[in-house]
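Each chain is listed here by its residues.
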Amino acid sequence: MSEIKNIIDGCLKGNRRDQELLYRRHAAKLYAVCLQYSGNDEEARDILQEGFIKIFENLGSFKYEGSFEGWIRRIIVNTALEKYRSRHNLYRVDDIDDIPERDADPDNEDYSGLEAVDLMGLIRELPPKYRMVFNLFAIEGYSHREISGMVNISEGTSKSNLSRARTILQRRVGSYTGFKKRRLLNG
Amino acid sequence: MDDRGANIDIVFRNGLKDYEVLPPQGIWENILPVVRRKQRPPAVFRAAAMFAVLVSLSALAYWFSKEIPSAPQAPVMALNQETFTPSPGIMSPALPVSDNTDASTVSKGSFVPAEEVVEPVTIANLTPAVQNPDGALHANELAVNSKDNTDYPAPGYIQARYVGLYEENTLAPADNSAGKAPNRWSLTALVSPTYQSHFSTGTNEAVSQVMNTEQTVLSYSGGVALSYKISKRFSVRSGLYYSTTGRELSGVAAYSGFKDHFYTKGSPNFTVLTSSGNIYTSNNDIFLADGLLSDRIQTSYNNNVFDPVKASLTYLDNSIQQNFSYLELPVILKYKIIDRTLDFNLIGGVSSNLLVNNTVFALSDNGKTTVGTTDGMNIITFSSSVGMGMEYNLSDNLSLNLEPTFRYYINPFTDIPGIRIHPYSFGIFSGISYKF
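Just so you know, the protein sequences line up as chains A and B, in that order.
Quick note: the first sequence uses our numbering, first residue 36, plus one each step.
Quick note: the second sequence uses our numbering, first residue 18, plus one each step.
Since the hints were derived computationally from the structure, they do not count as laboratory data.
These numbers come from a predicted model, not from an experiment.
Just to be clear, a hint being listed does not mean it is correct.
[Unchecked claim] Calculated pairs, EDC-like style, for lysine to aspartate or glutamate (alpha carbon to alpha carbon, straight line, at most 16 Å):
no.: 1; chain 1: A; residue 1: 64; chain 2: B; residue 2: 37
no.: 2; chain 1: B; residue 1: 34; chain 2: A; residue 2: 150
no.: 3; chain 1: B; residue 1: 34; chain 2: A; residue 2: 181
no.: 4; chain 1: B; residue 1: 34; chain 2: A; residue 2: 77
no.: 5; chain 1: B; residue 1: 34; chain 2: A; residue 2: 104
Chain B extracted, bound-state conformation (with noise of 0.2 Å):
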């Protein structure tokens, strides 16, 4: 039995080995929206995971901040040098020294312990060279003793006269801009990719349909800033940036080549609902058929009277995208909350953006191909933005710039009855600062 059944087991195997039966329509269009979900993680949580960002690269910039010593200890560290020996004459009328070599005649109120003394100026390296060529003297002596035993503050009193014979004599190169003006102007330029999403208040069904089939692509932002220091901490910042924004609409499947076909004179052939406003199209070589939802284009051109592949047109892919892009003229105001090497600053401002570009167009082997445009955008929309930059000093005059920002916009994108939709943004702008 075995044998003979085998043999209708070969049958079957052969005979079914090669064989291929088209699915039908639509699968593709049902397994497109899950297997791009899967790959996204929800917005929330990207969202988190920006803020995460943002929060971990504030806490490692703050944190880096107070490991950089700051600036004005660099001339102290100068004097520090080994071969550093300023000549007596520099130095004997600023410290007033007697012959004696107690050093327990310290002051009385004013006594600083030895080491808060000694260590920051390391005046140990100095003395020999200014008092006592053969070295008699203690370095402690330079620091509290007088004629009249005065009661002197000694560290600040010694840092300050050293400091300042440091910079009146110009000892180190480093110190040569002390007395120059800061630089209060600064240009930058500055680039990031954005993230975009949005959240939506009010009830509207048909965009909420078509929402759930829309992907936000990356963006990109970036441009010209000129900053002006008003004071120590505050500075203001405007410009002007280009930005990039844009969602693919999954689902819609363009074809190419329906000039032929069309007879429709003076409208649009497809007017396509999503969630930043109707799409018409301007190319009338191009036809839409949407495999997803069933209302989101308008023609007359639908499947039961056009059939895309008995027309042999060029099929071009399975979505269509949205592109917008604006100038931005942003008014920003910066407060420095640590000033070394490293300085981290707080960023906030609003922005004014003008609408430049609205194309929607298919992606294929051969390109982009311009399909129509988005109805109802703003021309003009308001944006606030927040941020945390951290700025790293070059030299005088440059620095690279790091600035996490977020941006909400005050007022969406269109106006559509029932819902309004408010996009937000995360990007993370780097860049590189001139200041003069």
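Bound conformation, chain A alone (with noise of 0.2 Å):
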């Protein structure tokens, strides 16, 4: 804790090396966070350069009393949470509000043969109201109830999305590694 500290006080009296370490430390991981929340890699790079001059803002309020990679990582979410409400009202996802609840058991599936950047690429396939409340319930872990007033949208809703995201990543995390499993299987 002591080095990340030493690196904020740098920032914080404008030590320009410092500030650089701080972006270089935390840029790649912080970056998967940004492509995990956008639909493409131009949204990604505004959410990470954006978070990052909110961090470089902030540093002055953070108190050391969790881990800083923690409140970046926060401070990451809540950009991306500021443009997707930006951009609500350009989603549309009712093409794809009928898809059937299941066709997949998760309990016997095979995730064995699915790498990060597999999931990263299922995650970023899947519908924006959707992405964003899987994101917030299965990864970062906040409830239906703050999910509710962070998107604006109904408790109900929120569980509904999940619902919807999941069956969605069941279906195609099947399709996928049963492809993976034949190509392995043809050479």
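These two chains come separately, so use the hints to put the complex back together.
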């Protein structure tokens, strides 16, 4: 903690070297978060850029009471959320609202062949409102009540969106792992 | 469904827990200027802040100067000491006093209220010892009674006589210097951190773009000056100052280890456009890349033909700094507004500045690495300055100085087609003076 404290202190004093060090240390992990919340690379870049500017602006309010990684991740997630809210009206998901509840048995599904890059690709293919709820619930650990306040939807809608996100993911995971297995078997 | 759903949640949560993706290049270069701009208030606010400090200090000094008693009152204060008992022999010829004890014999036309007469001189302490050891006389009699009841300008007369006696008989050591010639010369050492900025007239698209990526670095100025007091109020000062100034060019990444890769001979590997002129690299071991502007660096080694990361060059910094040093020869006129223990002066003058150092370097953990020089800098520049000086006299010979000063450069540091950039600076000079 003392090392990160030194870096933060340097950043607060305007030391450019510490500012760049802080960025270089956390950029890769936070960019992965940005990708996870965005449908395209340009949006991910915007989130990372705006998020880091907020991080530097608010460094003085970090109280060293929790993990610094968790604190900066929350700022990035909030930035992604703001971007989502600002574009909310642009997103349309009507075309996939009639997805059948399930066509795979997740308990018996084999996820062993999936790598992080595959999982990331699957999440990013989700419609924005499903992706947002799935990320907030499954990855960040927020409750439906919290999500309803964050995304301006009802708790019921949040549950429904999560359910649909899971269904889509299970179906796609199934087809994706099947495809990978077939490809491996066929050489 | 929830349990089965939770299963896939865990797959994603664990699978992405430590996932990292390198962000595309250029993001940091976009973040940095915003962060730095937000950390530094705009130049106009900084200038306003400096002006406010200048005015506040001046007002404070003026207020203090009014509060502190002026020097001529000091001997009178000495007379107030209870231990002071001048001999009758000294006093008697000076004060024509009659036996008349009637205070009403105060002269007609020049009557002065008793408090005005008594209080400044505090004659009450003197009278018994001078005229009447029995204490029979009143203090007022000393001031106003004479043998012929002539009109005396009582307070002035008394004060003059008493002060005169006081000086002649050297009753107080503080006034020993009264007969000395005033200290006309003084040697002053001053130093100041200075903040420099500029305003520009005219247009030059490329230079304007470049100026947005440049930041002024904190500079210093200091030196020794000799002053000569022309009159009670005016003095002239000249001396030799050394000052440094510089600019930081954001987004110009510097790498070392390039000497094994370059093959250009006889000309600089890189030219960097700046608002102070073009930088030409003289260190062939340096590779420069621009992360902010596309046209600022001119080179045949651009990113398309040479990748410093693939070539394993050593990254030094994401900016380079221009540094200029000047020897200054100022001629300053000083006008003393208030002459007390804390003097208050107006200062103004001109200075000719000789460029003695012109370097460009990159900072890294290993220190400074020279990059090259800035071309086209004017060797001699002229500046004018105004300020408000405060001088606190520690003794007859020593004083502390504080001089908030604004300096404007009459000619630009460099001549650029289409645009004239006039630098200005603020500094608060502090130092010590020795008078002789």
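Hint numbers the structure violates, sorted upward? 3, 4
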